[in-house]
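Chemist: Here the protein sequences come in this chain order: S and V. In this text, residue positions in the first sequence follow this note's numbering: the first is 1, and each later residue adds one. In this text, residue positions in the second sequence follow this note's numbering: the first is 1, and each later residue adds one.
It is possible that some hints are incorrect.
One copy or two, either will do: identical chains are not told apart, so a pair holds if it fits within one copy or between any two.
Said to hold, decoys possible - Listed next, the in silico SDA-like pairs over lysine to any residue satisfying Cα-Cα at most 20 Å (straight line):
no. : residue 1 : residue 2
1   : K207      : D186
2   : K207      : F20
3   : K162      : L214
4   : K207      : S15
5   : K162      : D188
6   : K23       : N169
7   : K23       : S204
8   : K23       : K162
9   : K5        : K101
10  : K233      : V12
11  : K162      : E179
12  : K233      : A36
13  : K5        : A213
14  : K162      : F20
The set of hints was computed from the structure by calculation and includes no laboratory data.
There are 2 protein chains.
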Amino acid sequence: MEKSKIGEFHFVTESYLLDFQGKITIPMIGTYLLHAASIHAAERGFGYNEMNNDHRAWVLSRLAIEITRYPGMWENITLYTWIEDAAWLVTNRCFELVDSKGETFGYARSMWAAIDLNTRRPTPLDVEGLNVYKCDRSCPIEKPGKIGPAEKSPALDTFTVKYSDLDVNGHLNSIKYMEHLLDMFDIDQFTRKEITRFEISYISEGKYGMDLALHKEQVLADQYNMAICHNDKAICRAAVNWR
Amino acid sequence: MEKSKIGEFHFVTESYLLDFQGKITIPMIGTYLLHAASIHAAERGFGYNEMNNDHRAWVLSRLAIEITRYPGMWENITLYTWIEDAAWLVTNRCFELVDSKGETFGYARSMWAAIDLNTRRPTPLDVEGLNVYKCDRSCPIEKPGKIGPAEKSPALDTFTVKYSDLDVNGHLNSIKYMEHLLDMFDIDQFTRKEITRFEISYISEGKYGMDLALHKEQVLADQYNMAICHNDKAICRAAVNWR
Chain S
1 MEKSKIGEFH FVTESYLLDF QGKITIPMIG TYLLHAASIH AAERGFGYNE MNNDHRAWVL
61 SRLAIEITRY PGMWENITLY TWIEDAAWLV TNRCFELVDS KGETFGYARS MWAAIDLNTR
121 RPTPLDVEGL NVYKCDRSCP IEKPGKIGPA EKSPALDTFT VKYSDLDVNG HLNSIKYMEH
181 LLDMFDIDQF TRKEITRFEI SYISEGKYGM DLALHKEQVL ADQYNMAICH NDKAICRAAV
241 NWR
Chain V
1 MEKSKIGEFH FVTESYLLDF QGKITIPMIG TYLLHAASIH AAERGFGYNE MNNDHRAWVL
61 SRLAIEITRY PGMWENITLY TWIEDAAWLV TNRCFELVDS KGETFGYARS MWAAIDLNTR
121 RPTPLDVEGL NVYKCDRSCP IEKPGKIGPA EKSPALDTFT VKYSDLDVNG HLNSIKYMEH
181 LLDMFDIDQF TRKEITRFEI SYISEGKYGM DLALHKEQVL ADQYNMAICH NDKAICRAAV
241 NWR
């Protein structure tokens, strides 16, 4: 039973998606996590199709990723995912990232809600059904929490949501948020430092044609808060720690 | 021997990378092609590492993709790739995309050059070595060719090359060119039509911080030429046919 609770997924890092230093990126890791989460849920009867038949969809609410080593070209990655718990409106899903030597190089935690496709509002979860798969495997990183409002700082850049930014629900893709946020950092930052923790909180949905503003505020020597705003209201906040 | 000439790769479409209509996109297909090309070359002794040891790198020069049906969520895709021929400075690589029913839904053709990492100039290929893997499997689509200069039309948009746009060589990622180009089309175009052929010609390398301008020109009812320019010079041209 423990086995069936934990999903195991295998990836080979795509050389054409590596960053300029030949390392995998936070958005790439995000793609792996979301891919594994989708399949893990679908294989246990609460995936996209089942939700869609019920006029509902899973929405990623918060995500925290901690990485101790960034794999390079064509490395084999094993990704484990499991459900930590489910409550009335939110379920927590954890991840562990392991390299080809069997060494863990990262963990992630995510919080998900199920929205009604018409009202776009959260709906009660099937707590009992989800908790059948509840697993007490350890995920030793801090839960995603409240992120300070970086939108008090002036906007560094703006962008308009375009075709390539959209996901299957017609909203700004969860991964594209990450790309736009990280693009606020100068290339030197990526040369000198490495991201140890990336945390994101999705507040409301970015839509096609929306003009969005990007904000960044330094809170400690190696810690930044960020926000993506529409009409001065944050639709997303994020926090990044560097080493 | 024929078997070892043809590389076979398997993908499952990532739900989080599908477009707003739940279909795979040209940039996603591009990622699959480049991933397969990299591994196919590496497994036959002329991959990134071998080239890098020789202070050289493969550079994608031209690519044409023709698609008759766009797979949706979690479809299994089999991708075949093989070398059509190799000449002094250029080698041609072909691709065939097959769905889970064994039906071909697309073909692609690519042209590659090997540049010297210092001079960034093309270097002579190991024609004999490459032609050991030459394969006469059929790839029934037109070769990528000359594309008219869309930069005569006024720029529709501009963008600056950022961290997430870069590839492992520190230049504008081949896939990101495609995203920026397709984003020139209005969302309605993707709702009403489907891309039957996408062709791209990479002329020179986009670098970090470069300000680039996007141009589009309609040449026939369902055919467009596009260009990405730096200081009014095209660094890339593309052509798209819709149905």
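Chemist: Does each hint fit the structure? Answer for all of them.
Modeler: Checked hints:
no.: 1; hint: K207 with D186; in the structure: between (27 Å within a copy, 14 Å between copies)
no.: 2; hint: K207 with F20; in the structure: between (30 Å within a copy, 11 Å between copies)
no.: 3; hint: K162 with L214; in the structure: both (16 Å within a copy, 14 Å between copies)
no.: 4; hint: K207 with S15; in the structure: between (31 Å within a copy, 18 Å between copies)
no.: 5; hint: K162 with D188; in the structure: between (28 Å within a copy, 12 Å between copies)
no.: 6; hint: K23 with N169; in the structure: between (30 Å within a copy, 11 Å between copies)
no.: 7; hint: K23 with S204; in the structure: neither (31 Å within a copy, 24 Å between copies)
no.: 8; hint: K23 with K162; in the structure: between (27 Å within a copy, 16 Å between copies)
no.: 9; hint: K5 with K101; in the structure: neither (24 Å within a copy, 30 Å between copies)
no.: 10; hint: K233 with V12; in the structure: neither (39 Å within a copy, 37 Å between copies)
no.: 11; hint: K162 with E179; in the structure: both (14 Å within a copy, 9 Å between copies)
no.: 12; hint: K233 with A36; in the structure: neither (31 Å within a copy, 43 Å between copies)
no.: 13; hint: K5 with A213; in the structure: neither (40 Å within a copy, 50 Å between copies)
no.: 14; hint: K162 with F20; in the structure: between (25 Å within a copy, 11 Å between copies)
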